[in-house]
Amino acid sequence: MRIGVTVFPGSNCDRDALHAIERAGATPVELWHADASLKGVDAVVVPGGFSYGDYLRPGAIARFAKVMGSLEEFANAGGPVLGVCNGFQVLTEAHLLPGALLRNAHMRFVCSRAPVRFESVETPWTSLFESGDQLTLPVAHNEGNYFADEKTIAQIEDEGRVVLRYLENPNGSLNDIAGICNEGRNVVGLMPHPERASDPALGSGEGLKVFESVLSFAGIKA
Amino acid sequence: MADTLKIRVLVRPKTGILDPQGEAVRRALPALGFEGVRTVHIGRLVEMEVESADEVEGMCRRLLANPTIEEYEWEVVR
Numbered sequence: 001m002r003i004g005v006t007v008f009p010g011s012n013c014d015r016d017a018l019h020a021i022e023r024a025g026a027t028p029v030e031l032w033h034a035d036a037s038l039k040g041v042d043a044v045v046v047p048g049g050f051s052y053g054d055y056l057r058p059g060a061i062a063r064f065a066k067v068m069g070s071l072e073e074f075a076n077a078g079g080p081v082l083g084v085c086n087g088f089q090v091l092t093e094a095h096l097l098p099g100a101l102l103r104n105a106h107m108r109f110v111c112s113r114a115p116v117r118f119e120s121v122e123t124p125w126t127s128l129f130e131s132g133d134q135l136t137l138p139v140a141h142n143e144g145n146y147f148a149d150e151k152t153i154a155q156i157e158d159e160g161r162v163v164l165r166y167l168e169n170p171n172g173s174l175n176d177i178a179g180i181c182n183e184g185r186n187v188v189g190l191m192p193h194p195e196r197a198s199d200p201a202l203g204s205g206e207g208l209k210v211f212e213s214v215l216s217f218a219g220i221k222a
Numbered sequence: 223m224a225d226t227l228k229i230r231v232l233v234r235p236k237t238g239i240l241d242p243q244g245e246a247v248r249r250a251l252p253a254l255g256f257e258g259v260r261t262v263h264i265g266r267l268v269e270m271e272v273e274s275a276d277e278v279e280g281m282c283r284r285l286l287a288n289p290t291i292e293e294y295e296w297e298v299v300r
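As they're listed, the protein sequences go chains A and B.
To convert, note that position 49 of the first sequence is 49 in our numbering; the numbers rise steadily by one, no gaps.
Heads up, our numbering is the position in the second sequence plus 222, with the first residue counted as 1.
Because the hints were derived from the structure by calculation, they are not lab data.
The structure displayed is predicted, hence computed values, not measured ones.
In this text, a Cβ means the ideal position worked out from N, Cα and C, and glycines have one as well.
Heads up, some of the hints might be wrong.
To be verified - To be clear about the criterion: a stretch of chain B counts as covered by chain A if any three or more of its residues have a C-beta under 8 angstroms from a C-beta of chain A, and this derived list gives those stretches:
no.	region
1	230-242
2	281-294
Stated by the list, open to error - Computed spacing ranges between beta-carbons, pair by pair:
no.	chain 1	residue 1	chain 2	residue 2	range
3	B	Glu-273	A	Arg-117	35 to 41 angstroms
4	B	Arg-300	A	Gly-203	26 to 32 angstroms
5	A	Glu-150	B	Glu-257	31 to 37 angstroms
6	B	Glu-271	A	Asn-76	34 to 40 angstroms
7	B	Glu-257	A	Ala-201	54 to 60 angstroms
8	A	Arg-108	B	Leu-232	25 to 31 angstroms
9	A	Tyr-55	B	Val-272	32 to 38 angstroms
10	A	Gly-69	B	Val-272	20 to 26 angstroms
11	A	Gln-134	B	Val-272	50 to 56 angstroms
12	B	Val-272	A	Lys-66	21 to 27 angstroms
13	A	Gly-53	B	Thr-226	24 to 30 angstroms
14	B	Leu-227	A	Gly-203	37 to 43 angstroms
15	A	Leu-167	B	Arg-284	35 to 41 angstroms
Claimed, not checked - Computed list of lysine to aspartate or glutamate pairs in EDC-like fashion (alpha-carbon distance at most 20 angstroms, straight line):
no.	chain 1	residue 1	chain 2	residue 2
16	B	Lys-228	B	Glu-269
17	B	Lys-236	B	Glu-297
18	B	Lys-236	B	Glu-279
19	B	Lys-236	A	Glu-150
20	B	Lys-228	B	Glu-279
21	B	Lys-236	A	Asp-149
22	A	Lys-151	B	Glu-293
23	A	Lys-151	B	Glu-292
24	B	Lys-228	B	Glu-277
25	A	Lys-151	A	Asp-176
26	B	Lys-228	B	Glu-257
27	B	Lys-236	B	Glu-292
Construct the entire structure; sequences and hints are all you get.
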């Protein structure tokens with residue numbers, strides 16, 4: 001299985017994501033922002049960082065990068081897409097996921113480890129988890145405060161589209177939401193960083209299962 | 223060369239949306255001795271020179287503001 005990682009100017013978790021993909025047993029493929037080709041990958045990760053310096057709004061400029069047009073087609077055709085942190089922000093700006101990520105309620109950058117609980121696991125990126133599984137994942141963001149209007153929140157809750165919830169809310173996000181998926185369940189956005197917890201050498205390997213999940217979902221034994 | 227128009231776009235958080243920047247500034251003002259400030263909201267000012275105003279609405283909707291969390295208004299500056 002080949003898994004692509006988009007690289008924008010200012011991405012800084014792309015190498016971690018490529019490393020995690022390799023450790024999970026897939027072939028990592030860099031996807032340059034100015035290149036429309038997805039190089040035939042089977043899944044795509046939009047990594048964390050500060051694409052385009054977070055100018056205007058996080059993700060607002062990256063959303064119009066050349067690679068994003070192909071990514072939107074891929075996502076709309078059901079291809080598995082995972083956005084982490086800035087990648088989550090890019091996916092909301094691109095309207096591939098509902099809502100927006102606001103400035104943290106307390107106005108401080110959060111850099112810590114957040115205990116989280118998996119809620120709905122019926123997505124390609126969470127297929128090896130069980131609903132209720134708890135783990136601790138690194139968080140590092142300034143705009144992680146998930147917001148959507150009341151109607152949208154009710155809809156994603158009713159449809160079981162909250163993928164991950166904080167046990168201790170670090171940023172003020174509505175309903176403690178740390179991750180959601182789209183209606184088709186193939187596009188997932190997470191504020192915490194599973195790729196930064198994918199190697200015991202970095203303190204934790206628990207997040208690797210997110211990448212192993214997408215292989216398992218595709219019928220490949222991890 | 224075509225004359226250019228000066229455009230001023232004002233983007234602000236939608237009413238009711240948490241504005242932690244504004245709130246932090248509101249709380250900082252009394253610390254400097256400025257009393258009586260009830261609310262502070264912080265938005266963004268975008269100034270552009272364009273050849274035509276025809277596309278400004280689309281620019282606001284698609285890029286300059288995020289309609290999920292922000293509202294905008296724009297004017298041609300004389």
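Structure-based check of each hint:
no.	hint	in the structure
1	230-242	holds (count 3)
2	281-294	holds (count 5)
3	B:Glu-273 with A:Arg-117: 35 to 41 angstroms	violated, 53 angstroms
4	B:Arg-300 with A:Gly-203: 26 to 32 angstroms	violated, 59 angstroms
5	A:Glu-150 with B:Glu-257: 31 to 37 angstroms	holds, 35 angstroms
6	B:Glu-271 with A:Asn-76: 34 to 40 angstroms	holds, 36 angstroms
7	B:Glu-257 with A:Ala-201: 54 to 60 angstroms	holds, 55 angstroms
8	A:Arg-108 with B:Leu-232: 25 to 31 angstroms	holds, 27 angstroms
9	A:Tyr-55 with B:Val-272: 32 to 38 angstroms	violated, 19 angstroms
10	A:Gly-69 with B:Val-272: 20 to 26 angstroms	holds, 25 angstroms
11	A:Gln-134 with B:Val-272: 50 to 56 angstroms	holds, 52 angstroms
12	B:Val-272 with A:Lys-66: 21 to 27 angstroms	holds, 24 angstroms
13	A:Gly-53 with B:Thr-226: 24 to 30 angstroms	holds, 27 angstroms
14	B:Leu-227 with A:Gly-203: 37 to 43 angstroms	violated, 55 angstroms
15	A:Leu-167 with B:Arg-284: 35 to 41 angstroms	holds, 37 angstroms
16	B:Lys-228 with B:Glu-269	holds, 7 angstroms
17	B:Lys-236 with B:Glu-297	holds, 19 angstroms
18	B:Lys-236 with B:Glu-279	holds, 17 angstroms
19	B:Lys-236 with A:Glu-150	holds, 14 angstroms
20	B:Lys-228 with B:Glu-279	holds, 14 angstroms
21	B:Lys-236 with A:Asp-149	holds, 11 angstroms
22	A:Lys-151 with B:Glu-293	holds, 18 angstroms
23	A:Lys-151 with B:Glu-292	holds, 17 angstroms
24	B:Lys-228 with B:Glu-277	holds, 13 angstroms
25	A:Lys-151 with A:Asp-176	holds, 17 angstroms
26	B:Lys-228 with B:Glu-257	violated, 36 angstroms
27	B:Lys-236 with B:Glu-292	holds, 5 angstroms
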